[in-house]
Amino acid sequence: MTIAKLAWKTLWFKPLNTVLSIILLSSAVTIISLLVLLQTGFEQKYRANLENIDFVLGAKGSPLQLILSSVYQIDTPTGNINYNEALQWMEHPHVDTAIPLALGDNFKGYKIVGTTAEYLSLHGNGLKSGKKFENKFEVVVGNKLAEEEGLKIGDEFYGAHGHNASGHVHKDHPYTVVGVATPTGKIVDHLILCNIASVWAAHDHDTETSAAKTSAENHHHEEKRENKTGSHIDEHQDHHSKSLEEEIQKSEREITSVLIKLKNKMALVTWPRLVAQNTKMQVASPIIEVKRLFSLFGIGVSMFEYLVSGIMFLSAISIFIALYTRLAQRKHEFALMRISGGNRYQLLKLIIYESLFICITGYIIGTAVCRITLYFLSNYTSKEFHLAINPFDIIWLQELLLIGVTLILGILAAIIPAIKAYNINISKTLSHE
Amino acid sequence: MIQTKRISYKYPKQEELVFKDISLSASQALLISGESGSGKSTLLHLLSGILKPKSGKILIDNTELSRLKEYQTDRYRGKNIGIVFQKPAFIESFSVFGNIEFHYWLATRKKVPKQEIFNILVQLDIAEQANKFPRNLSTGQRQRAAIARAIINNPKVLLVDEPTSSLDNKNSHKVAGLLLESVHELETSLIVVTHDDRLKKHFNNHMEL
Chain R
1 MTIAKLAWKT LWFKPLNTVL SIILLSSAVT IISLLVLLQT GFEQKYRANL
51 ENIDFVLGAK GSPLQLILSS VYQIDTPTGN INYNEALQWM EHPHVDTAIP
101 LALGDNFKGY KIVGTTAEYL SLHGNGLKSG KKFENKFEVV VGNKLAEEEG
151 LKIGDEFYGA HGHNASGHVH KDHPYTVVGV ATPTGKIVDH LILCNIASVW
201 AAHDHDTETS AAKTSAENHH HEEKRENKTG SHIDEHQDHH SKSLEEEIQK
251 SEREITSVLI KLKNKMALVT WPRLVAQNTK MQVASPIIEV KRLFSLFGIG
301 VSMFEYLVSG IMFLSAISIF IALYTRLAQR KHEFALMRIS GGNRYQLLKL
351 IIYESLFICI TGYIIGTAVC RITLYFLSNY TSKEFHLAIN PFDIIWLQEL
401 LLIGVTLILG ILAAIIPAIK AYNINISKTL SHE
Chain H
1 MIQTKRISYK YPKQEELVFK DISLSASQAL LISGESGSGK STLLHLLSGI
51 LKPKSGKILI DNTELSRLKE YQTDRYRGKN IGIVFQKPAF IESFSVFGNI
101 EFHYWLATRK KVPKQEIFNI LVQLDIAEQA NKFPRNLSTG QRQRAAIARA
151 IINNPKVLLV DEPTSSLDNK NSHKVAGLLL ESVHELETSL IVVTHDDRLK
201 KHFNNHMEL
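Heads up: the sequence lines are chains R and H, in that order.
full-length UniProt numbering puts the first residue of the first sequence at 1, with every later residue one more than the last.
full-length UniProt numbering puts the first residue of the second sequence at 1, with every later residue one more than the last.
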């Protein structure tokens, strides 16, 4: 106990070296824990959102983009697919469940997703309160979103076009909140869900009113009207006949993508091939794309790991130098301890304690800084990527490993100085005063 | 309480040093004087068990010091021998008080009552320095702090190396008085090694190296 006290006091008596060593070590610890927590956090969240989705059926383009937009709601969609055509493949005998998605609108940046009620049970969750959406413009909101925006059952809001809140607002049809989804820690927490008809209707109506406005102002009858906002749900409206128009509309209804779960392993091989051979649509595998994404990530992460190992090593060297250079100044102290009745082992202990104290302090500060950083980062990632990382998640294995490495480093850095102190010749030290 | 019998020591490539026998009982004081290089420090190191004699015996309170193993010597020294060096070293990161406390703990593995430390510091007139760091003390104060430290755990033998070499007459007189006083009070055997002739008048027992 008393040796430990001496070690601690010595460290802070001339604190410059100590502080330097602690800074180096704690920054290494911070970066390592951040990397580990972020990486596993992201991977877990990404994997969790993949449950029950074998494939995503969507428009041709980058498969990664299709996955990111349809499964994670972060990228823009690759385009639209014809609903009727998709329907054939959704009803294919190999398919177990097929959940259509129609994207295109948002509320304050939160995506409004036209889908079926099955989307809610996709991740095995249901409703926290209220009921499922049935009619047009009824919505179920994610739990996080409800908290952040203070939405309750019965509240109404208007959707805006596109992916950001500054898009054109569809002022005609308010959405009504009829339910709040249970918290899942997944994407659903940040989404607004309604039926596909709502998304179609929002755009139909919007186009109708602006068309009426245009014709009233200009008195011209244009054959086709440009879609100003460049909607994903493209509408071609004909002015000639209302009923014909509806017919055409029905056959040209479009959706963004379909989340597919197949019945068996055989189907996993054959179904995507059939779609590729017979349609212009693409089938992307979320597992493959996410793997690809993380392998891209991985290069950056491992670069970081080398860098951090370097910093770790540097901090061990700095501890070593601090202890070693202090030896010469302190040999009288060591001799004194022996004179007072202390033995060699107590000197050994003293030096190792000093090193370990630096390491433990560095570890504690590093971990604290990591958690604080993560707390702020989590707010950001939850907004930007719909990924909330709990800053107080503890990955025990990693933490234990990190503590272990830190302590071993401390002992290694102390070995040589400690042995030097152990072997000190008291008589010589005293006669060279 | 301390006895030596024909002890000798030899440094590599040097002539062997042979020391006269010493025999002191409790409350007795001995002044050993000699020029530099006469082996004063060596004798002190031998008497405190820091060096082992080449031949001969050192008995302190009937324990043969030269027969103990190293860690036993460390323990024994802490418990029974108080040493004050010419330029006393301190643990720089502890206060004067802390140094004495720590010394007591190393020597006995026990905690010393605070009052005892204060009593000794008062006696040596450095109570006001108790909470200062050693580097902030004057030479004389360091000397006295070192004496306080050496006698805190009532050693059987007190060894003092050149206690007055850097002190003026007045302080030299004072320190000699203090040392002799504590000998009587603590019933220790005191050995002072010096080349300072001013001290001779204070001691009845002399030995020339």
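Treat the hints loosely; a few may be bogus.
To be verified - To spell it out: a stretch of chain H is covered by chain R in this simulated footprint if at least three of its residues, at any positions, have a beta carbon under 8 Å from a beta carbon of chain R; those stretches are: (1) 46-58; (2) 68-75; (3) 83-91; (4) 102-112.
Claimed, not checked - 30 Å max Cα-Cα, derived DSS-like pairs, lysine-lysine: (5) K174(H) x K40(H); (6) K110(H) x K9(R); (7) K349(R) x K201(H); (8) K349(R) x K114(H); (9) K40(H) x K5(R); (10) K111(H) x K87(H); (11) K428(R) x K69(H); (12) K54(H) x K331(R); (13) K170(H) x K201(H); (14) K14(R) x K132(H).
Because the hints were derived from the structure by calculation, they are not lab data.
C-beta atoms are modelled at their ideal positions from N, C-alpha and C, and glycine is treated no differently.
Do the hints match the structure? See the list:
no.	hint	verdict
1	46-58	holds (count 3)
2	68-75	holds (count 4)
3	83-91	holds (count 7)
4	102-112	holds (count 6)
5	K174(H) x K40(H)	holds (23 Å)
6	K110(H) x K9(R)	holds (20 Å)
7	K349(R) x K201(H)	violated (46 Å)
8	K349(R) x K114(H)	holds (26 Å)
9	K40(H) x K5(R)	violated (36 Å)
10	K111(H) x K87(H)	holds (26 Å)
11	K428(R) x K69(H)	holds (19 Å)
12	K54(H) x K331(R)	holds (26 Å)
13	K170(H) x K201(H)	holds (14 Å)
14	K14(R) x K132(H)	holds (16 Å)
Consistency with the previously given hints fails for numbers 7 and 9, ordered from lowest to highest.
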